[in-house]
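Engineer: Given the structure of chain U, go ahead and fit chain V onto it with the hints provided.
Number of protein chains: 2
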Amino acid sequence: MANSAAHLSPQNVRGLVDSIEAFIFDCDGVIWKGYKLIDGVSQTLDMLRSKGKKLVFVTNNSSRSRRQFAEKFESLGISVSEDEIFSSSFAAAMYLKINKFPSEKKVYVIGGEGILEELQLAGYSGLGGPEDGKKIAEWKQNCFFEHDKNVGAVVVGIDPYINYYKLQYATLCIRENPGCLFIATNRDSVGHMTELQEWPGAGCMVAAVCGSTEKEPIVVGKPSTFLMDFLLQRFNISPSKMCMVGDRLDTDILFGQNAGCKTLLVLSGVTTESTLQDPSNNIQPDYYTGKLSDVLELLDA
Amino acid sequence: MANSAAHLSPQNVRGLVDSIEAFIFDCDGVIWKGYKLIDGVSQTLDMLRSKGKKLVFVTNNSSRSRRQFAEKFESLGISVSEDEIFSSSFAAAMYLKINKFPSEKKVYVIGGEGILEELQLAGYSGLGGPEDGKKIAEWKQNCFFEHDKNVGAVVVGIDPYINYYKLQYATLCIRENPGCLFIATNRDSVGHMTELQEWPGAGCMVAAVCGSTEKEPIVVGKPSTFLMDFLLQRFNISPSKMCMVGDRLDTDILFGQNAGCKTLLVLSGVTTESTLQDPSNNIQPDYYTGKLSDVLELLDA
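Those protein sequence lines, which keep their order, are chains U and V.
With the working numbering as the guide, the letters of the first sequence map in order to residues 58 to 358.
With the working numbering as the guide, the letters of the second sequence map in order to residues 58 to 358.
It is worth saying that the hints were derived from the structure and are not from the lab.
If you're wondering where the values come from, they're calculated on a predicted model, not measured in any experiment.
None of the hints are false.
One copy or any two copies: either way a pair holds, since identical chains are not told apart in the list.
Calculated pairs, DMTMM-like style, for lysine to aspartate or glutamate (alpha carbon to alpha carbon, straight line, at most 25 Å): (1) Lys197 x Glu174; (2) Lys272 x Asp307; (3) Lys197 x Glu170; (4) Lys192 x Glu170; (5) Lys348 x Glu252; (6) Lys348 x Asp96; (7) Lys348 x Asp75; (8) Lys163 x Glu188.
This is chain U alone, in the form it adopts within the complex (with noise of 0.2 Å):
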C-alpha cells in the first residue's frame, strides 16, 4: 500500500518548488481543458520560469506534432518552445529512430496529422491518418482489400475520424506483413477533448486493433518509461529533482512515479478526490490540489 498524498499547503509548498528543477507537466486537464487554459496557469508557469525552473510539457495526446502543439499555446496566450514538448506523435516517430527502424519500410498511421508530420522530421514515410478518413471498405463479392506489404509498423493514436477502413487495413498490416511494429502512442481510455465532456481516447482506437488482432502494442506515451528515458538523456537533470504535474493517477502519477519523479497531481482533470481517496485507489501522488494555480496562491498566502 503506497503512502497516501499529502494536501499542498502553505507549510509544504515552497519546500516542494525549491527541491525541484524541472517541473513536467500534462497539458490536458492541467494546462488547459479542450481550447480552454484554465485559470491561472499562465501566472503559475510565469512565476516558476521566474525562479529558473526548467518547464517541460508531456502529452499523451498524439493528434497534434510538436510544431502544432506550440502553435496551440501560443493561441492561448502561453509562450512556448517546441523543444520544451514532448507529444506521444513525437515519441512515435523517436521509438522508430532509437529502434533503427529502416527509412525505406513505411508506417501506415490511425489517427492525426500531428503523427504523420512527426514521422515525417523523423524521415519516415506514413500513410493513412486524415487522409484514409473518407475511405469506405466494404464486403463486397470478389472484391479484395489490398495493403502495402512494406508498410514495417503500425502506429495507432486518437482518431475521430476512426473507420472501418483504417481498422481492416491496420490489421492486415500487423497480421500479414512479417514483423510488422504495432506502436500504440498511448492507451487514455477518455480524455477531456472539449472543455465540457470526455471523450473516448486512444485506448479506443488502440483496444480495436487489439481485438482484430489479437496482439498487444508497444506503448511509448504515459505511463511507459520510453518518453520519460528520452527526456532524462537529453535534459541532464535527476529524477527527484523533477516533479511530474498530472491529472490522471494511471498515465500522469505513475509515469513520474515510474521514473523516481516527485508527483503531484491536479484535480482539473479526469480525478476526482474521492477518486483519489477510494481505497480500490493504489495510485499515490506525493501532493494533490485542486489545479496549478494554487502552487502560486500558496506561495504567495
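Structural biologist: Frame of chain U, contents of chain V only:
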C-alpha cells in the same frame, strides 16, 4: 491436456452420424464464405434431413436478423426456416427478454439492422445502428454531445460503419447511465466477411468500447453458454446427442464442448490443420475434416 481430434474417416463417420439427433452448424466458414456457398453443403444438408436429423444454424454474425439469414440461405438455394436459426443478434434480444429488461428503457446499438430488427421483435426500442453511420462527432468548443439518459443497455456487434459518434454515444451511456448494461453479440477477432479474405469482427468494436469505458461486456454469442442453454430448452434433446460443427476452435468448438455436445471441426474456414495440431492449441474437437460435404462423401465411400 485434451485428447487429440480424430480425423473423420469412412470408419468413424457412420458411428458419429447415427449417434446424433441434432446437428448445430456455424455458418461462416462452414456453410458459406462471404456470399459463396461452400461446395457440397446443399447435398450434405439434404442427406442429413433425409435421415431425420434436426438441423440448427448458430451464427455469431449479428449483422442480420433470423429473417434476413433465412433470406440469405434462400438466395444460396438452401431452404432453412427462421426457427432453425440462432444468430447473436437474436441472442442479444433474448438476453434482455430473459433478464426482464424493462421495455420502457431504450437500447443503443453499435451494429447492423439485424440487431435492431430482433430488438423490435422482442418488444424493445433500439436506437443507433445504421442510422448513426453517417453522423459526425467533432471536438467543437462549447459543443455538448447529448445522449439519451433512458438508454439502459448498449449492444455491440460487428459494424462496418463504426465511427467516433457511435463510440462516444455508447461510451456515455455505459459510463453515465446508472446500471446501463454492456452486451457484446460476440467477440470474434476476424471473420470471412468476403470469400477472399478476413475482416475485423465484432471483437474489434467490442474491444473499442471496452477501451473507452474500462468495462467488460456480457457476451451472448459463442462461446458463451447463453445461446446453448436457450437452444437446449427449446429442443428437447440431450447434449450428448447433439454435434456442433464449426470452423473456429475458440468459439464454435469451445461452445459445443462447454455444453457437452460432440464437436466436429471443419477446415474450410479460419482454422488450418497446423493451428489445430499446434502444441499451443488446447481446444481439441472430437472430430475434424476438410469440409462439411466430407460427411456425405465418407458415408458413401
